[in-house]
Structures are given as structure tokens and as C-alpha cells.
Amino acid sequence: MSDALGVGALLLSLDNYVTFQMRSLDCGEACGMWDVPGGHAEPKEIVGKKLMTEIDIDDMDSAKITNEIYDSILREVVDEVNVPMKCLSDPLLMGICRNNTSAGRPSAEFLIRCSLKSNEIRDLYLQGNQAEADESTCIRLLPLDEVLNMTGEHEMWKNMAPSSKGCITLAKHFKF
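With the first letter of the sequence shown counted as 1, position 127 gets the number 127 in this note's numbering; the numbers rise by one all the way through.
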């Protein structure tokens, strides 16, 4: 975990809509692009406040590393979208993508089902009191069928973060 492992989620509402956010212009990556909720795993959740150079992966518990990867995507959804943790399913790993625009950084892409309908997710997001509200400027929810049939010609695909494209590509091979 010395290099950032990205995590992303195809957040699927009870009425089968997928959540996208427009990343703010102040983000470090994919500014002004549509993206699925996500971020990266946090080694400090396992080892405490240490510098990356002080962390020895050989001394880390592999079960704790695995748990952190799964827990981190749930935290990202809560912190970015404002959906309560109790409304989220356990993350289901769809696969790993590599982001060629950021030195091939890997990203674990998950399916997370939400017990809320799309309008409820939108309303929670629009409250604007989520921990990472500054990372996005708006939300858009699209029907799962539309997302799975997206091509390079789709207006959103043309302005979509590479990690989000990877998540959708993996979802196209997933059984819903």
C-alpha cells in the first residue's frame, strides 16, 4: 500500500440508478469530469499516523489491509455522496483497472447497492453537509441500462474520468 490504490464504486440505487458526480475544479485529478464515488485506501487506518517511508508492508496484517480496501470505498461513498453507511451493502469487487493518465495507478472497482431510491440519494447529496462536499459540484443519476450501454459517443462518456470509465467497463462484464 505504499503507492495509492484507488477505489471506486458503482453505487446502485434501489430503483437501479447509478450515481455520478462532477468533480470540482479544485480536485487533484480528473477536475471538471464526471466520476463515480471513490478515492483511495488509507494506510494510516491500519498503522496510525506514520510517514509512508516509515511503513513496512511486511509488518502489516494482510487481513487488515483487505478490510481497509473494502472499508475505504464505503467511507468514500458516505463522505462524498452523504448516504448513511446503514443504507449501503457490503462492497462487491468487480475487478481492478489501471489508470493510464496517472502512471498506471491501479483502482479496485466495486458494486455497492443502496437501499435508497435515486431521488433520496440526490436529496441527501444536495443537503451539502457531507465531509467531502468540496470534491464535487453536482450529482447525476442515470438508469443502469443506460450506463451499461454507454459508448464513446455518449455525451457523459466524453467528459468522464478514466477511473469511472474503468468502473463502467468492468460493470459491463458483471452479472446484475
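Worth double-checking, as some hints may not be accurate.
What the hints assert, rightly or not - Cross-link-like lysine to any residue pairs, in silico, SDA-like; alpha carbons within 20 Å at most:
(1) K175 <-> M156
(2) K86 <-> Y70
(3) K172 <-> K86
(4) K49 <-> C31
(5) K117 <-> L74
(6) K165 <-> M85
(7) K172 <-> L142
(8) K117 <-> E146
Derived from the structure by calculation, the hints contain no laboratory data.
All values derive from a computational prediction rather than experimental measurement.
Okay, the hints, checked on the actual structure:
1. K175 <-> M156: Given pair K175, M156 is violated - Cα atoms ~23 Å apart, limit 20 Å.
2. K86 <-> Y70: 15 Å, holds
3. K172 <-> K86: Measuring from Cα to Cα gives roughly 27 Å; hence the hint is violated.
4. K49 <-> C31: 28 Å, violated
5. K117 <-> L74: Holds - the C-alpha atoms of L74 and K117 are around 18 Å apart, at most 20 Å.
6. K165 <-> M85: 25 Å, violated
7. K172 <-> L142: With Cα atoms ~15 Å apart, K172 and L142 stay inside 20 Å; holds.
8. K117 <-> E146: Cα-Cα ~17 Å, so holds.
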